[in-house]
Amino acid sequence: IWDGLLENADLKPAGLGARDTLRLEAGLPLHGQELSEDITPYEGGIAFAAKPLIEADFIGKDVLKDQKENGAKLRSVGLEMIEKGIPRTGYDVLDLEGNKIGQVTSGTQSPATGKGIALAMTDRDEFEMGKEVIVQV
Numbered sequence: 015i016w017d018g019l020l021e022n023a024d025l026k027p028a029g030l031g032a033r034d035t036l037r038l039e040a041g042l043p044l045h046g047q048e049l050s051e052d053i054t055p056y057e058g059g060i061a062f063a064a065k066p067l068i069e070a071d072f073i074g075k076d077v078l079k080d081q082k083e084n085g086a087k088l089r090s091v092g093l094e095m096i097e098k099g100i101p102r103t104g105y106d107v108l109d110l111e112g113n114k115i116g117q118v119t120s121g122t123q124s125p126a127t128g129k130g131i132a133l134a135m136t137d138r139d140e141f142e143m144g145k146e147v148i149v150q151v
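Its first residue numbered 15, the sequence shown is counted upward by one per residue in this note's numbering.
Keep in mind the hints are simulated off the structure, nothing from the lab.
Backbone N, C-alpha and C fix where the C-beta goes; we use that ideal spot for every residue, glycine too.
Warning: the hint list may mix true and false statements.
Unchecked claim - The calculated label-pair distances, taken between Cβ atoms and stated as ranges, are:
{"id": "1", "residue 1": "Ser50", "residue 2": "Asp17", "range": "34 to 42 Å"}
{"id": "2", "residue 1": "Trp16", "residue 2": "Glu140", "range": "42 to 50 Å"}
{"id": "3", "residue 1": "Ile73", "residue 2": "Asp24", "range": "44 to 52 Å"}
As the list claims (entries may be wrong) - Here are the computed lysine-lysine pairs in the DSS-like style, where the Cα-Cα straight-line distance is at most 30 Å:
{"id": "4", "residue 1": "Lys98", "residue 2": "Lys129"}
{"id": "5", "residue 1": "Lys87", "residue 2": "Lys65"}
{"id": "6", "residue 1": "Lys26", "residue 2": "Lys98"}
{"id": "7", "residue 1": "Lys114", "residue 2": "Lys129"}
{"id": "8", "residue 1": "Lys26", "residue 2": "Lys129"}
{"id": "9", "residue 1": "Lys82", "residue 2": "Lys65"}
{"id": "10", "residue 1": "Lys114", "residue 2": "Lys82"}
{"id": "11", "residue 1": "Lys75", "residue 2": "Lys65"}
{"id": "12", "residue 1": "Lys114", "residue 2": "Lys145"}
{"id": "13", "residue 1": "Lys87", "residue 2": "Lys75"}
{"id": "14", "residue 1": "Lys79", "residue 2": "Lys114"}
{"id": "15", "residue 1": "Lys145", "residue 2": "Lys82"}
{"id": "16", "residue 1": "Lys145", "residue 2": "Lys98"}
{"id": "17", "residue 1": "Lys65", "residue 2": "Lys79"}
{"id": "18", "residue 1": "Lys114", "residue 2": "Lys87"}
{"id": "19", "residue 1": "Lys87", "residue 2": "Lys129"}
{"id": "20", "residue 1": "Lys87", "residue 2": "Lys145"}
{"id": "21", "residue 1": "Lys98", "residue 2": "Lys114"}
{"id": "22", "residue 1": "Lys145", "residue 2": "Lys129"}
Using the sequences and the hints given, assemble the complete structure.
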């Protein structure tokens, strides 16, 4: 089937790396990276998914209600590199004074922009959208 599709259809093979790059370019979270048992939907950037949970009764409901009302301490944000370099999982995100304000959760080179891109978990109070930050590559 594989050979037949590649020979007879206008298709090219694509693997998990291609899917992951598309996910990052779209700013979509991945379980185990931007979402986990320790990262809530409010922190991971998918608050819409928490709304039905608020109605149910479960362990952790109070945490989600608090984050809905007061905002989550952490938030997932998208980054685009200005200089050359590919941000990778675990790299620190610093403010311009060198203070750690977050950590890269996913990163790659974007074929669409030719730049390094990343999703990072950052401190809500320390990260300001549109401001430059430093990714320690």
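*Under the criterion that the straight-line Cα-Cα distance not exceed 30 Å, is the pair Lys114, Lys87 satisfied?*
15 Å, holds
_Straight-line alpha-carbon gap Lys87 to Lys75, limit 30 Å_ = 16 Å, holds
*asked:* Just to be careful, I want the Cα atoms of Lys75 and Lys65 compared with a cutoff of 30 Å; is the pair within it?
replied: Given pair Lys75, Lys65 holds - Cα atoms ~11 Å apart, limit 30 Å.
*Falls inside 34 to 42 Å, the C-beta gap from Ser50 to Asp17?*
39 Å, holds
*Straight-line Cα separation of Lys79 and Lys114 no greater than 30 Å?*
28 Å, holds
*Regarding Trp16 and Glu140, is the given constraint of 42 to 50 Å on their beta-carbon distance met?*
49 Å, holds
*asked:* Just to be careful, I want the Cα atoms of Lys65 and Lys79 compared with a cutoff of 30 Å; is the pair within it?
replied: Since the Cα atoms of Lys65 and Lys79 sit roughly 9 Å apart, the hinted pair holds (cutoff 30 Å).
*Satisfaction of hint between Lys82 and Lys114, Cα-Cα up to 30 Å*: Satisfied, since the Cα-Cα distance of roughly 25 Å is no more than 30 Å.
*Is Lys114 close enough to Lys129, meaning Cα to Cα at most 30 Å?*
Judged against 30 Å, a Cα distance of about 23 Å means the pair holds.
_Between the alpha carbons of Lys98 and Lys114, is the straight-line distance 30 Å or under?_
Cα-Cα ~21 Å, so holds.
*Given the hint that Lys145 pairs with Lys82, test it: the Cα-Cα distance must not exceed 30 Å.*
25 Å, holds
*Are the Cα positions of Lys145 and Lys98 separated by 30 Å at most?*
18 Å, holds
The earlier numbered hints are all upheld by this structure, with none contradicted.
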